Amino acid sequence: MATLPEEQRSFLEADALDLISKGFLTKDDWDALKSGDHDVAKTSIREKRNEQLSTAIQNALANQPTDQILQSDIIAAAAGGLWGAATAWLKTTPILNPAPNPPPPSTAREATPVPSTSHLWNSAKEAALKSMETNRKIRTVDFLELSHVCGNEETCEHIVIAINGFMTHGYSPSLNWEALFRMKNVASYVVLWEAGNAAEWDAFCNETGNHLKNGEDDTIASHFTVGNPWNKAQNKAHQVGIVLAELLISKPVFARDRKVTLIGHSLGSAVIHSALQHLATYNTIPGNLPVHLHQAVFFAGAFVPDHDFSAINNTVFTHKDHTKGILNVYSSQDHILMHLFSLVNMHIQRPAAGCSPIDSRYVANICVTDLVPSNDVSLLGHSYEPFMVNILDRIGATMDLPNAVKIDQ
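For the sequence shown, my numbering begins at 1 and goes up steadily by one.
Label-pair distances were calculated between CB atoms; the ranges are: (1) R256 x Q64: 21 to 27 Å; (2) Q64 x N152: 28 to 34 Å; (3) E178 x T43: 23 to 29 Å; (4) A404 x T140: 34 to 40 Å; (5) N152 x R394: 26 to 32 Å; (6) T43 x R350: 48 to 54 Å; (7) E178 x S310: 30 to 36 Å; (8) H339 x D39: 49 to 55 Å; (9) I20 x N152: 20 to 26 Å; (10) N59 x R350: 34 to 40 Å; (11) N63 x D37: 38 to 44 Å; (12) N375 x S54: 38 to 44 Å; (13) N403 x E47: 29 to 35 Å; (14) H339 x L175: 20 to 26 Å.
No lab work stands behind these hints: they were computed from the structure.
Computed from a predicted model, the values in this text were never measured in an experiment.
Virtual Cβ for every residue (Gly too), placed ideally from N, Cα, C.
Please build the complete structure, drawing on both the sequences and the hints.
See below:
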């Protein structure tokens, strides 16, 4: 393999040795590949690397937790409980349930039954528990893939793993990131996950109409609180972050000795936030081999920070400069996060990361309000894709990735 450039040969050979140690390649097969055509060798190692990655993802999915209670569970329980109590009260309200016929004159009029406090409480409790349990079940991640989009896996020292947000499942993997992939010399991957799509939203609306039409009170609460595509995707975002962290903890070959940067848009940022928390916990357990990241970048982050990122900064990132590891790109005119997100998540007092700077000295906040107009093109200030070139120029060297080499025409 003398014709293979040195930098490619070093990455390729090290990946091959890692594949051998993990049981995905034999030494004899590698010796045969080394003595043959280098393009054939690269193709074969790439196939084995993808096979190992697929196995690592399946292992991470199999080991995902199922017993945690999250803020979304509490919200689902509260909403379900309120609906259950309201339904129980409405069923016994004379205005909505009048007597079919007036009583005869000789019959004493009976008092209108009033629902007891215990009955309302039991109805609320039953609906709350049902909503919480359903919420926890739909959080389980059934599908996750990492798709290599562009960049030379044999030569790029930097890997970027991008995560898209709500309603992007089934769309082009490079959605939101084409400008970044074009401007940076990185091996780029996109996480494909159950983020919801237009077909699911249409089905939800149709089912909602049927439930209301048929008066199916027992199912309406859980349908509204945890059955809609947004809540499903938001629930899974937390779990996808854990699965992604477990994947990195397993030391997959594709990331071996590379600098890994995570970037996410909207709910994709929530995925990253969850992954960072999981990695920070893992790295502080005695005996664990720490997993470090190069950077994490939130774009229009659809999550509400509840800490100052100090533990994450000190355990997950390798930068000596504490403002280099975590970047928060936000717009104060993102009306999706300012209003809709806050309303459905009951975060009236605390803003989402994507519409306000994160109050932490460990986070580099980058305001792009003037670059992302709040109109139909930007989905009321939430879609960054049409403006990503200018946004990346604004971020500049704060995003520590090598620039692509420009070829003169």
